[in-house]
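K.L.:
What follows is the residue order along each chain.
There are 2 protein chains.
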Amino acid sequence: MQLYWAQGTPNGRRVDIFLAEKGIEMARVNVDLRGGENLREEFRKINPFGRVPVLQLDDGSHLSESVAICRYLENQHPDPCLFGSTPETAAQVEMWSRRAEMNFFLQVAMAFRNITGFFKDREKVSPEWGEISQETAAQALPIFDARLGESEYLAGDAFSIADITLCCAYDFAKAVKVQIPTDLPNVNRWHAALSERPSFSA
Amino acid sequence: MQLYWAQGTPNGRRVDIFLAEKGIEMARVNVDLRGGENLREEFRKINPFGRVPVLQLDDGSHLSESVAICRYLENQHPDPCLFGSTPETAAQVEMWSRRAEMNFFLQVAMAFRNITGFFKDREKVSPEWGEISQETAAQALPIFDARLGESEYLAGDAFSIADITLCCAYDFAKAVKVQIPTDLPNVNRWHAALSERPSFSA
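For the protein sequence lines, the chains are X and S, in the order given. Counting from 1, one number per residue, gives the positions in the first sequence under my numbering. Counting from 1, one number per residue, gives the positions in the second sequence under my numbering.
Because identical chains share one entry, a pair is satisfied inside a single copy or across any pair of copies.
Straight-line distance between alpha carbons at most 27 Å, and here's what the computed DSSO-like set of lysine-lysine pairs gives: (1) K174 with K120; (2) K124 with K174; (3) K124 with K45; (4) K177 with K124; (5) K120 with K45.
It should be emphasised that the hints constitute simulated quantities derived from the structure, not laboratory data. Predicted model, so just to flag it, every value in this text is computed and none were measured.
Isolated chain X, as found in the complex (with noise of 0.2 Å):
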């Protein structure tokens, strides 16, 4: 198996922390993505819609979608568990997995990409639609806060993928200057946590 994947994307640091938290070592393809080399004919070969990351499966098939990646890989590497262990669990995991990219991952990610036209050599922007995502975003923030206000992570008492694209979203946030409230106490307290883990700090 081997990995496309961009460095400096948050797709690509979820895949990234997954694998850490998981111990699987993987080859990785770097994909130039300022250069626009995931919108050429070769690479929408393997994925139509020209994103990344990609997994190269080792019969040759690629699986794209961090997500479906990740959830792969969690069948093949069931320990530790980041999908939830039973029923009720991996309902809460998928629940608050969702409301963290709906409500929080995208709208960065649109804030981000519209507010600087950072892609805008490939793509319409609206910044007027950048203001609204980022305000969005900043207001999703504080239901996550009361949600960590009293469970330890944001799916309950376990660590799951949940943690890791919520936190790799308010990173992301942070470092592209996309404007949320830092100073939610709960938030403040479970990223510092999270950003003991090895995995966070590759």
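Go by the hints and put chain S onto chain X.
P.N.:
Chain S in isolation, oriented as in the chain X frame:
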């Protein structure tokens, strides 16, 4: 168990079709989205993000996010399998489900909300972003068409939740007049086959 749900929404229909395919009978509580019932404090106790559908479990706890609800029900009622029966097919289902969600379902929803201003009493909208999202949705559909030219269903040989997601978004786009291509031969073949299933016409 009972389902808090809103008629006429593509996420409500996703869960409806999933339940019908499984043969699960479920009590419904209709939530008045137009009247903003989902944004009131009472409803936010069951979903702080104010969204439907929400599944109330027998212990009184609540599970939101359509796919979290469906995956939980898949665990409770494994037959027929709608999330893939092996790690490999499950990975394909997850990949195609997410491609359908991120590149089409979400784009259609953003086009509808931002072009029509349907919820402008409660959210900021950008008609400019609505037009961009409409183009993104339209551009994704030929990629799904190419895929459906090489396999019967979106994720392979078996009908799955990926088909439910793509078809609900496709039908919703047409119903609310989001401009998408309707002359794609493989999409049309697939759509005609799905529309004959009792679950889709319910």
